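Q: Fit chain A to the given chain W structure using the hints.
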Amino acid sequence: MKKYGKRADDGSKLDPITRGGRAFAALGLPADANCRLPIITITGSSYVKTEHHTGVLQLGERCVRLYSRLGVIRIEGCGLAASEMDNDTIIIDGAVKSVMFE
Amino acid sequence: MKVWKNPIGYVNIVIEGKYPERLLNLLMHRGVPIRDAERHEGRVDAVIPAGCVSSLRLLRRGSGCRVKIKEKGRLYLLRRRIRQNRVFVSAFLLFFSALMIASTRLWFIEVESSSIPKDEVLSKLGSAGVRRGAHRDRNRLGELSELLKEDQRVVNAKVALHGVVLKVSLSESGEAIPDIETGEVTGIYAQKDCVINSISVTAGRALVKAGEAVKAGELLVTGDLSNLKEGYYVSAEAYITGEVLYAARASVPLKSTSLVRSGQSCERIVISVLGHELFPDRPYERFESERLDSMTIDAGPIPLSLVKSRCFELTECEIEDTFESASERARLAAQEKLSGLLPENAAIKTVHTDVMNDADGKVTAIITVTAVEIIGTNKD
Numbered sequence: 000m001k002k003y004g005k006r007a008d009d010g011s012k013l014d015p016i017t018r019g020g021r022a023f024a025a026l027g028l029p030a031d032a033n034c035r036l037p038i039i040t041i042t043g044s045s046y047v048k049t050e051h052h053t054g055v056l057q058l059g060e061r062c063v064r065l066y067s068r069l070g071v072i073r074i075e076g077c078g079l080a081a082s083e084m085d086n087d088t089i090i091i092d093g094a095v096k097s098v099m100f101e
Numbered sequence: 000m001k002v003w004k005n006p007i008g009y010v011n012i013v014i015e016g017k018y019p020e021r022l023l024n025l026l027m028h029r030g031v032p033i034r035d036a037e038r039h040e041g042r043v044d045a046v047i048p049a050g051c052v053s054s055l056r057l058l059r060r061g062s063g064c065r066v067k068i069k070e071k072g073r074l075y076l077l078r079r080r081i082r083q084n085r086v087f088v089s090a091f092l093l094f095f096s097a098l099m100i101a102s103t104r105l106w107f108i109e110v111e112s113s114s115i116p117k118d119e120v121l122s123k124l125g126s127a128g129v130r131r132g133a134h135r136d137r138n139r140l141g142e143l144s145e146l147l148k149e150d151q152r153v154v155n156a157k158v159a160l161h162g163v164v165l166k167v168s169l170s171e172s173g174e175a176i177p178d179i180e181t182g183e184v185t186g187i188y189a190q191k192d193c194v195i196n197s198i199s200v201t202a203g204r205a206l207v208k209a210g211e212a213v214k215a216g217e218l219l220v221t222g223d224l225s226n227l228k229e230g231y232y233v234s235a236e237a238y239i240t241g242e243v244l245y246a247a248r249a250s251v252p253l254k255s256t257s258l259v260r261s262g263q264s265c266e267r268i269v270i271s272v273l274g275h276e277l278f279p280d281r282p283y284e285r286f287e288s289e290r291l292d293s294m295t296i297d298a299g300p301i302p303l304s305l306v307k308s309r310c311f312e313l314t315e316c317e318i319e320d321t322f323e324s325a326s327e328r329a330r331l332a333a334q335e336k337l338s339g340l341l342p343e344n345a346a347i348k349t350v351h352t353d354v355m356n357d358a359d360g361k362v363t364a365i366i367t368v369t370a371v372e373i374i375g376t377n378k379d
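Residue numbers (numbering that gives the first Met the number 0), protein chains in the order written: chain W, 0 to 101; chain A, 0 to 379.
Pulled out of the complex, with its shape left as it was, chain W reads as follows (with noise of 0.2 Å):
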C-alpha cells in the first residue's frame, strides 16, 4: 500500500521503499523506477514473469516462491517451472491459481 504522508497512520516511519514511491508518484513516474521494485506480469493463467527479483527460495512443481525488496511473492499452481532464469528476470510456465505476497 502507497502511503503519501510523512509517516504511516500508526505514526511509524515509512520505510525508504515506500518512501522513494511516493515521491516518483508524486512526480507522476513510476514508482519501481528507482527502487527496484517487482514487477509481475501476468498473461492468461500460464505465463508470470517476475522482474527485479533477488532470488530463489522454493521452486516445487506446486509452489515457486521468490525473494525480492517486498518480501516473499508466491506462486501456486501445478506443474511450474522456470523456463527462463537470469539475475533479474524469472518467467514460470504452468497452470497458475495463485499469486501472492507473503
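By construction, these hints were calculated from the structure, which means they are not laboratory data.
The structure displayed is predicted, hence computed values, not measured ones.
Check the hints yourself; a few may be wrong.
What the hints assert, rightly or not - Residues from chain A shown here face chain W by an in silico Cβ test under 7 Å; the list is partial:
#1 PRO32
#2 ILE33
#3 ARG34
#4 ASP35
#5 ALA36
#6 GLU37
#7 ARG38
No residue lacks a Cβ here, since even glycine has one placed at the ideal position from N, Cα and C.
A: Frame of chain W; chain A shown alone:
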C-alpha cells in the same frame, strides 16, 4: 528450441541435494542464464549454456549439492573436441593451405616424342624456367612452343596445360605427315575489327602479334606449316584476346511531352465484385482518378464494393526541358543501345561519354566503350 536458444551449445544438468535453489541463486548471481528449470522427485533439472560449465564446477563446491551432467548439446561436443584436438585442426588447416598453394604450381611434365630424348626436352624447358614446382602460366605456352621449335629436328611443338600437368607433343621432321580428318579446321580468324591484346598459340603459326590492328575475317593463326615441311598442316589452336571499340549514339529533343490535367473533371461511382468492375466505362480518353469514398455491401454470398472517385482529364503537353535533364535522357537512351551491342564475355576497359547540343535543337549523347574479349574463331 534448445539449440536455437543456445547456439554455441547447451548442457542438461541435474542438481541433487537438500537445497538446490541455493546453487541456482549462485549461478544466477554469477550471470549464468538458466532455462527450463523444474523439480522432479527431489531433484532439479535445468539447462545452462555450454560455456558456463566451468562456472558451475566452481560454484558446486560451496553449495552442498551434487551436480550431474545428463546431456550435452551436439555443438558443445563438437566445439569441445575441436578445442581438445588442436593438433588435428591445425594439421587440417595446414594441409588445406598447402593444397591451395600447390594447385597454382606445375607438378608433372609429360613429353610425347618419337626420337628426341625426354631429358633433352626437359632441360630446354628448364632453361626457360619451366620445371617441377614452377608457377603455372597459361600465357607462356606460345613462347615455350616457339622455344622447342628452335630445334631443327622439331617441325611442330604443341604445348598444353591441363591442371598441374604440362603436356608437350613434338612432331619431328622424320615422321610421316598425319592425315587430317575431314572437316578439321586449320586456321583461326578474327571475329571483329580490333587491336590484338594478347595472343598465345599452342598449335600452328601466328601471323599477328600483340598491338597490331586487325580487321574482321583476317587470318590470325594458320595451321599451314608447309614452310617447315612440305604439305604439313595442323589444326590451329590459340587463345587470342583483342580490344574492340563499341559506340552508341542517341538524340533527344529539348522539349518533352508529358500528361497534365486539362481542368475537366467529373465524379464517378464504380461497382465491383471481388475486384472485377461491373459496367466499366471511361469518362475521358486519358484520365486519372482520386478516391473520395468507398464502402462494401454484403449482398448475400457476393460482396459488392462501391468506390466513389473524381476523374481528371489528362492531355499531352509539351514542356521545355533543361539541358541537364535532356542530356540525362539522351545518355540513358545511348546506354540502352550499347547494352544490346556488348557481348556477355566482354571486359570493359574504358568508357567515354560525350553530350552535345545539335544545331536543330536536339541533345545528342555518344558513348564509346573499349572492351577486351576473345576474338579468335575457327572457320573453314
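Q: Any CB of chain W closer than 7 Å to the CB of ILE33 (chain A)?
A: OK, holds: ILE33 (chain A) within 7 Å of chain W, min 4 Å.
Q: Minimum Cβ distance from GLU37 (chain A) to chain W below 7 Å?
A: holds, 4 Å
Q: Would the hint on ASP35 (chain A) be counted as holding, given a Cβ-Cβ threshold of 7 Å to chain W?
A: Since the shortest Cβ distance to chain W is 6 Å, the answer is holds.
Q: Quick one, is the ARG34 (chain A) hint okay against chain W at 7 Å, beta carbons?
A: holds, 6 Å
Q: Double-check PRO32 (chain A) for me: the hint is only fine if its C-beta lies closer than 7 Å to a C-beta in chain W.
A: holds, 5 Å
Q: Does the CB of ARG38 (chain A) sit less than 7 Å away from some CB of chain W?
A: holds, 5 Å
Q: Against chain W, run the beta carbon of ALA36 (chain A) and see if the smallest gap drops under 7 Å.
A: holds, 4 Å
In this structure, none of the earlier numbered hints is contradicted; all agree with it.
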